[in-house]
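Enquirer: Below are the chains, spelled out letter by letter.
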Amino acid sequence: MKKIALNGAGLLVALFAAFPVYWMVATSLKPNKEIFSATPRPVPAEPTLDHYREILTGNLIPGVTFTDFFLNSALVAVATVLLSGLVALLAATAVARFRFRLRTTFLILLLVVQMIPLEALVIPLFLMIQRLGLYNTLPSLILTYLGFSLPFAVWMLRGFVAAVPKELEEAAAIDGASRAQTFRKVLFPLVAPGLVATSIFSFITAWNELIFALTFINDQHRYTLPVAMTFFFGRDDTAWGSVMAASTLFTLPVIVFFLLVQRRMVSGLVAGAVKG
Amino acid sequence: MTTLTEATGTSAARETPARRRRRPDRLPYLLLLPCLAIIAVLLLWPLGQVVMMSFYKLDSVRQLRGDREWPWVGLANYTQILGDPFFRTVLRNTVLFALANVALTMILGTLVGLLLNRLGRKMATFVASCVMLAWATPALTGTIVWKWIFDDTSGLVTWLFNKLPDGLSTTLFGRSDWTGYGWFNDPLLFFAILTLVVVWHSFPFIAVSVLAGLKSVPSELQEAARVDGAGPWRVFWSVTFPMLRPVFGILVVLSTIWDFKVFTQQFVLAGGTQDRTTFMLSIYSYAEAFSPPPKYGLGSAIAVILTLILLVVTAVYVRMVLRQEDQA
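Chains as they are written, first to last, in the numbering used here: chain A, 1 to 276; chain B, 277 to 604.
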C-alpha cells in the first residue's frame, strides 16, 4: 500500500518534470490540423517532419535560414569553450598543484564573482563593447561569455586536477621529464575527461544566453539562435508547430551534453592509475 | 614584485627538499594571470563601471561611444527611483516573487529528494531521469513550451478548463468558455504561471542535491527513530534536517540569488518589456536602459540596487561555503 503510494508520487513527479519536454517534441511532429484541433491528442496521430523541413529550408528573413542562426550560436559557443577551457586549465593547475600566498584569496574571489548578477552587467558591458568597436559582432558575445563561464570552469576543474595523484607527476619528474612534458604527457591526458565536463558547462552557458545576445547584436544575419527565436517566434503566436520544431533543435544538444556530464561527474577519474 | 618573492621565500623554508627542487617560484602566478586578467576586465571592471554610470545622466548611445560628454548628476538617479511609487511596486513584486519561489522550490525539491531516496532502484532511476530533463532544458525553450501549454486557443490548459462542467466552471470562475482567455493578462495570474515555470526549472537541482546529501549521511539514525515510533514528519525535522542543515543553508541562499534576478523566463513569457505591471528589478533595469528612449544612468542605478541586495545574500553564502571547506 505504502509502496503503491510512493510509486504513484514518483510517477506524478516524473510526469510534471518531463511532460513539457515531451509536449515540445510531440507538437513539433504533429501536422497543423492536429495542433489546432479542439481536442489535443496526447500522441501525434499522423507524425510529420513538415515543420522541421519548413524551418530548415525556409528563409526566416531574406537570405538567412535557421541553419545560419544555428551556426552563429555554435561558433560563439565553441569559441567560448576553447578559450575558457584553456585559461581555466592553467588557473586550476595553479590552484590545485601549488601552495602560494594568495591562493585562498583567489578562491574566495572565484566564489564571489560567480555571485555577481550578470543582469546588472548588461549596461556597463554594452558601454565596453561600444567603446571597443565590437558592437554588432559575434566576438562581443564570445568575450562576454568567456567572462561568465570562466569562474565556474576554474572552480570545477580544480577538483579534477586535484584528483590526479601527485605521485604520477613526481614519477615523471624523476624519470627526467621537464615541467612542460609532465604537464602535456601526464597531467593533461588525465584531466581531459574533467576538461570535457567543464567545457560542456561553458558550452551550455554560451548556447543558452539570451539577454546579452539580444542587446549586443543588431544585424539579423548575426543573431544567435535564442535571439532569432524570441524575435521571429515570440511575436507570431500561431506557428506553434515551427516554434516547437525550432525549440526541439535548440534543446536537443543541450540535453544530450547535460546527460553526458552527469555521468562523467560520477565515474571515477583515475581509477587504477596508481597501484598499491 | 618584492613582496611576492619574499612570500614564496618564507614558505619555501617549510617545504621538503624534494618539493623545493620542483617548486617554481612565479609559476602559479603566471598560470593565474590570464584568468585574473579576464575576471578583472570582464567582471570586476564592469561592476565598477555600473556604479560610476549610475551617477551620470546618460541618454544616448553617442555618449557611450564618447562622442558626447557625460553630465554628472550625483545621486539624482537614485533619488528619482527611490521617490517613484512604481519602484516600490517593482521592489515588492521582486521580493514577494523571490520568497514564494524559494519556498516552493525548496519544499518541492526536498520532497522529491526524499522520495527518490525511498523509491526502488528502477523507479528512482526513471524518476530521476525525468527530473534531469526539466533541469537540462534551457530557460528559453522551457518557457516557450509553457507558453504554448497556456496558449489561449489551442493550449492544453485552455482545453482542460473548457472540459470542466459548465455549471462548475461558471460558479467557480464566472465563465464557461475559456477559448481566447488571456492567461498572461492578469498580473497575479502572470506571476503564478511564471512561478510554475521557474519552480519547474529549479526544483531538480534541489532534489538532486538533497538526494546526494541523504546518501552521504548514515540512514541508521532515521531507522532508529522510526523504530522508536517517530512519524515521517518527526523523523524529518528531528533527525534528517539537522544533519543536512548545511546543505539546506547553501541551497536556500543559492535559490534566493537565482530567483531575485529571473530574467529570461519573464522576458519570454511577457513577450518583451512592454508590460510594466509585471516588472521585477532585473527587467526594470534593462527596460529603463534599453527601451527607447534609452536611460543608461537610471538603468545602472536600478542595477546597483539589485546588486547591493544580492551582495548581502552572497556574503552569507560565501561564509557558509568557507565554513564547509574548513570542515571537509
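Treat the hints as calculated values from the structure; they're not laboratory data. Errors might be hidden in some of the hints.
[Stated by the list, open to error] Facing chain A, according to a computed beta carbon distance under 8 Å, are these residues of chain B, among others:
1) C311
2) W509
3) V544
4) A579
5) V592
6) V594
[As the list claims (entries may be wrong)] Capping the alpha-carbon separation at 27 Å, the derived lysine-lysine pairs in DSS-like fashion look like this:
7) A:K2 x B:K398
8) B:K491 x A:K33
9) B:K491 x A:K2
10) A:K3 x B:K398
11) B:K491 x A:K3
12) A:K3 x A:K33
13) B:K398 x B:K491
Beta carbons are placed, not taken as given, at the ideal position from N, Cα and C, and that holds for glycine.
Enquirer: Now tell me if each hint is right for this structure.
Expert: Here's how the hints hold up against the structure:
Annotation: interface hint on C311 of chain B holds; nearest CB of chain A at approximately 4 Å, less than 8 Å. A hinted interface residue such as W509 of chain B counts as satisfied when its beta carbon comes closer than 8 Å to some beta carbon of chain A; here the least separation is about 15 Å, so the hint is violated. Below 8 Å, beta-carbon pairs count as interface contacts, and V544 of chain B has one with chain A at about 6 Å; its hint therefore holds. Interface restraint check: A579 of chain B against chain A, minimum CB-CB distance 4 Å, threshold 8 Å, status holds.
For V592 of chain B, the suggested interface contact is broken, since its CB lies about 10 Å from the closest CB of chain A, more than 8 Å. Given hint, V594 of chain B at the interface with chain A, holds; its Cβ is 5 Å from that chain's nearest Cβ, closer than 8 Å. For the hint pairing K2 of chain A with K398 of chain B, the CA-to-CA distance comes to about 17 Å; that is within 27 Å, so the pair holds. Proposed proximity of K491 of chain B and K33 of chain A is contradicted: the alpha carbons are some 49 Å apart, above 27 Å.
A hinted pair counts as satisfied when its Cα atoms are at most 27 Å apart, and K491 of chain B with K2 of chain A qualifies at roughly 22 Å. For the proposed pair K3 of chain A and K398 of chain B, the alpha carbon gap of about 13 Å is at most 27 Å, so the pair holds. As the CA atoms of K491 of chain B and K3 of chain A are separated by approximately 20 Å, the hinted pair is consistent with the 27 Å bound. Straight-line distance between C-alpha atoms of K3 of chain A and K33 of chain A comes to about 42 Å, which puts the hinted pair past the 27 Å bound.
Simply put, K398 of chain B and K491 of chain B have alpha-carbon atoms about 17 Å apart, close enough for the 27 Å limit, and the pair holds.
The structure fails hints 2, 5, 8, 12 (numbered hints given earlier, in ascending order).
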